[in-house]
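S.K.: Next come the chains, spelled out residue by residue.
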Amino acid sequence: MKKMGDMLLRKGSFSEIVMGNTALVRAMIESGTRVVAAYPGSPTPEIADAIGAISKETRPFYFEFSTNEKVAAEITFGAALNGHLSTVFFKSVGLNVAADTFVQLNHMNIIGGMVVVIGDDPGANSSQNEQDNRHYAHMSYIPVFEPASPTEVYTFYKAAAELSRKMQMPILLRLTTHVCHAKEKVRFGGWDPQLPDDTPAFDPGNGPYIPLTTEVFPMKRRALQRLADVEAYANHAPLNTCVDHDNPKQGIITMGLPFLSLMDVLQEAEKKPDILKLGIVHPLPRQVVRDFLKSHREVKLLEELDNVLEKEIKLMAFDEKLDTTIIGKQELEDWIDEYTPDKVSAIIRKTWPDMLPLKTEREIDKPYVPMRPAQMCPGCGHRSAFHAIKKALDENAITVADIGCHTLGFMPPYGVGEILMCMGASTAMGSGLSLFNTTRKVVAFLGDSTFFHAGLPGIVNAVFNKHPITLILMENGTTAMTGHQDHAASGRNFNEVTDRIPVRQVLEGLGVTHIYEVDTYQQSRLTERVKQALNDDAFSVVIAKHPCMLKFNREQRRKPGCQARQVHIDQNKCRQIHKCVERFGCPTFVLEKDNRITVNPDLCIGDGSCRQTCPAEAIGAPETAQGDSNETV
Amino acid sequence: MKPFNIYLTGVGGQGIGLLSEVLLRAGDHAGLPVKGVDTHGLAQRGGIVVSRLRFGAGVYSPLIPAGEADLVVALERHEALRGVNTALKDGGTLIYYDTVWQPLEVRLKKAPPVDENTVAETCRKRDIREISVFRPDLKESLMQNIVVLAHISGESLIPGVTTAHYKTAMADLMSGAMLAKNMALFDEELEMNRGRVPGVGGQGKRKTKGSRQ
Ligand code: SF4
Ligand code: SF4
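Residue numbers (our numbering), protein chains in the order written: chain A, 1 to 633; chain B, 1001 to 1213.
Derived by calculation from the structure, the hints in this document are not laboratory data.
Please note that a few of the clues may not be correct.
Which chain A residues face chain B? A few, computed with CB under 10 Å, are given here [stated by the list, open to error]: (1) THR177; (2) VAL265; (3) THR340; (4) GLN375; (5) LEU408; (6) PRO413.
Taking CB as the label site, the calculated pair distances span [unchecked claim]: (7) B:SER1175 with A:LEU315: 51 to 61 Å; (8) B:SER1175 with A:ASP244: 46 to 56 Å; (9) B:GLY1091 with A:ASP594: 57 to 67 Å; (10) B:LYS1139 with A:ASN595: 27 to 37 Å; (11) B:ASP1137 with A:GLN505: 44 to 54 Å; (12) A:PRO615 with B:SER1175: 47 to 57 Å; (13) A:GLN576 with B:ASP1137: 29 to 39 Å; (14) A:ASP323 with B:LYS1002: 39 to 49 Å; (15) A:GLY190 with B:SER1175: 21 to 31 Å; (16) B:SER1175 with A:THR624: 24 to 34 Å; (17) A:LYS559 with B:ALA1171: 18 to 28 Å; (18) A:GLY432 with B:GLY1091: 52 to 62 Å; (19) A:ASN595 with B:ALA1180: 36 to 46 Å.
In silico lysine to aspartate or glutamate, DMTMM-like type, Cα no more than 20 Å apart, as pairs [said to hold, decoys possible]: (20) B:LYS1139 with A:GLU270; (21) A:LYS366 with B:GLU1188; (22) B:LYS1002 with A:GLU270; (23) A:LYS272 with A:ASP291; (24) B:LYS1002 with A:ASP342.
Ideal placement from N, C-alpha and C gives every residue a C-beta, glycine not left out.
Bound-form chain A, shown alone (with noise of 0.2 Å):
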């Protein structure tokens, strides 16, 4: 078997098939980076789980998740300021809690250098929007790389390393979800491991550092110039490349991935445009873009997601008097989802019309297929939760999500949770909806790991400012959507064994006064705290916990002599009332076609907590059945 801990610490070149996040770690090796630091967050979680597969005796970097994306940050650029080459990396998203942090970054001289890696998600796979993170690189000074395949990912970082610690300037490393999780083989050089200078080398000499009254301008001014001098980089730099087609009627410029897809679609093509592929997108390499106009009659800018490149190109076309036809975005789809090979292809052909050859779309049957939207796994505590917690709400009831698995909380047969905005913010949007609101109960929801990350504030602020709403916190002991970190509750870090932070002694020194404390599965009981503190005068929390049994129950499954155990429906007292599947919703329950009832053996994990909905009292204590599996892979 191949250990990935043992490749990505090869001192000599190999290659091998990785993802791209791997091949992000063994460039953040080779380049001799000394810290990093993230929050979980799809498509960059697996960046971590590769770091993980290296022992911490023989990583070459510190490593932490921190409690949210801005402390990453912040921990990563402490550490460059004492001269460590530092890497910090998250979710698209993650970069609107760690703006105030990110938007000051190139305004300081971080000596170490400092790569931030984000990973955008164009065409919102796994976020709750698909932003565009290039508007916070302009909006902050920071330039962008953009890789489009794993072996870029590589490339790129070394170049951006190396970049970032020569001009003491943050670099924007940008991924894309199937950037992160495409497999390719890559090439990847030696390693030759450098005894670290570990000497704190902070010298507030190398500021300024306080941006304050008279020194703001001049720290821009130099953010601005070092801009300015990356562009002069970006001119001759390699990652710029041009594919010639020997076309000077057609080009295209483009970037990342929908490279990539425009490369497949052009295999079709008789005649093939010019291609300039932008390997760094910001600032513009004005000279390679002005000389790739100049030399076409007509070019289209493939642009995924927002007209960020467009807008920069007019203007430079404008002001130079370029008489070429530049075409951008032309309709409001060309902004929405990921540039695959499909959307290519439409975009192509909406362009230049004859370019491809004619698709023949022929009538195909496809019969329907039922939906299969995500669902909590079976024996999940979040089920039980919403199941008891339905109870106790009347109709009028308004509730709030939060981001995490319990955010599934509004699919059918819960409807619980019924706007959801980002991390952290159930708590708040929930006191503004009691505001003047006398007749509806305002029930807010939030994770155990999400509590720490961002929904401290909110909470501060319900009891400050006396908001009558119920918090309902999930804790699961984990970060179990983005695969099971742990977190400041879990009484582990990254690296060793810690002391929890008790959620509830936090709540307590908050000074909140009504805490309810029920294990999810005790259903009528959680119901009746629900009750409980919805008639309280104050601001009330239940926390409503269980392990996630997800995560339990792979660990109870690789202890030697485990017995998975499952529950059966006892179709003598079963009333085909359906209550089970209809109400209870876990994905076990099989609707067979003569309306019975059934287990499927493959998924119950024989928990049990189903027993207490069925009325008729049909589901039987949980048995012994067989198996175990490859799954540990």
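Given chain A's structure and the hints, the job is docking chain B with the ligands onto it.
M.R.: Using the frame of chain A, we list chain B with the ligands on its own:
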């Protein structure tokens, strides 16, 4: 040569990830340029999991254009049909493990389940070779992927990739008792089906099974 596109699909938790990784590495051991991409994240909570693999020269994106898959590999019946609908080209091949993880709409009586005949009929109409596998005596549902793998190997469904390549890939990814157990199942399933006439155009369906639901 045109690239060979493989679209793998199933429900989160079924073991698509391992199967996909084995195929990808087997392709590499066979000397083919390979690319792939998996869905991660939310989909694993009981939703649909998809992995795409592309073998051969001249491939840039890991994503497969709609209706351009040569082979759909599914670990569940509903997802098999969904894969055929969205990804498979006419005249391609579908191999699926014929188990059912009932989708939400079915359980809530909002839609009828997909039965095996619907899958077979759709394949027949579109000249798709359909291979449905099932092992009634398999105790561990998480090894269904290995049963499917054995049939992919036995029927040489991926051009240029042989049994030896699949086995080397398995050894890259597993070790110890787990490798032994999975390898034993792989060999056994391969042996059991040796010498059967490979199905063509929906015939010669290879069912080691009685239907399930
Ligand atoms: S991962 Fe854990 S918390 Fe999330 S749905 Fe599954 S059991 Fe529930
Ligand atoms: S015991 Fe089985 S059927 Fe009942 S809730 Fe748990 S997983 Fe679902």
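S.K.: None of the hints should be skipped; say for each whether it holds.
M.R.: We went through each hint and held it up to the structure:
Interface restraint check for THR177 (chain A): the shortest CB-CB distance to chain B comes to about 8 Å, inside 10 Å, so the restraint holds. A hinted interface residue such as VAL265 (chain A) counts as satisfied when its beta carbon comes closer than 10 Å to some beta carbon of chain B; here the least separation is about 8 Å, so the hint holds. Interface hint at THR340 (chain A): satisfied, since its Cβ lies 5 Å from the closest Cβ of chain B, which is below the 10 Å cut-off. Contact between GLN375 (chain A) and chain B, as hinted, is supported at the beta carbon level, the nearest pair being about 4 Å apart and thus within 10 Å.
Because the smallest distance between the Cβ of LEU408 (chain A) and any Cβ of chain B comes to about 7 Å, under 10 Å, the interface hint for this residue holds. A hinted interface residue such as PRO413 (chain A) counts as satisfied when its beta carbon comes closer than 10 Å to some beta carbon of chain B; here the least separation is about 7 Å, so the hint holds. Here the CB-CB span from SER1175 (chain B) to LEU315 (chain A) is close to 58 Å, well matched to the stated 51 to 61 Å. In this structure the hint that SER1175 (chain B) and ASP244 (chain A) lie 46 to 56 Å apart at CB holds, the actual value being about 48 Å.
Hint check: GLY1091 (chain B) to ASP594 (chain A), Cβ distance near 38 Å, so the stated range 57 to 67 Å is violated. A beta carbon spacing of about 29 Å between LYS1139 (chain B) and ASN595 (chain A) agrees with the range 27 to 37 Å that was offered as a hint. Checked against the hint of 44 to 54 Å, the pair ASP1137 (chain B) and GLN505 (chain A) passes, with Cβ atoms roughly 53 Å apart. Between PRO615 (chain A) and SER1175 (chain B) the beta carbon distance is about 49 Å. The supplied range of 47 to 57 Å therefore holds.
For GLN576 (chain A) and ASP1137 (chain B), the hinted distance range of 29 to 39 Å is satisfied, since their beta carbons lie about 31 Å from each other. A C-beta distance of roughly 40 Å is found between ASP323 (chain A) and LYS1002 (chain B), which places it inside the suggested range of 39 to 49 Å. The hinted window of 21 to 31 Å between GLY190 (chain A) and SER1175 (chain B) holds, with their beta carbons roughly 27 Å apart. A beta carbon spacing of about 28 Å between SER1175 (chain B) and THR624 (chain A) agrees with the range 24 to 34 Å that was offered as a hint.
Roughly 26 Å separates the CB atoms of LYS559 (chain A) and ALA1171 (chain B), a value that falls within the hinted 18 to 28 Å. Evaluation of the 52 to 62 Å hint for GLY432 (chain A) and GLY1091 (chain B) yields a pass: the beta carbon distance comes to about 58 Å. Between ASN595 (chain A) and ALA1180 (chain B) the beta carbons are some 44 Å apart, a value that agrees with the proposed interval 36 to 46 Å. Annotation: proposed proximity of LYS1139 (chain B) to GLU270 (chain A) is violated, straight-line Cα distance about 54 Å (limit 20 Å).
With a C-alpha separation of about 36 Å, the suggested pair LYS366 (chain A) and GLU1188 (chain B) falls outside the 20 Å cut-off, and the hint is violated. Proposed proximity of LYS1002 (chain B) and GLU270 (chain A) is supported: the alpha carbons are some 16 Å apart, at most 20 Å. Simply put, LYS272 (chain A) and ASP291 (chain A) have alpha-carbon atoms about 19 Å apart, close enough for the 20 Å limit, and the pair holds. Distance hint between LYS1002 (chain B) and ASP342 (chain A) is fulfilled; the C-alpha atoms sit about 17 Å from each other, no more than 20 Å.
Hints 9, 20, 21, counting from the list given before, are not met by this structure.
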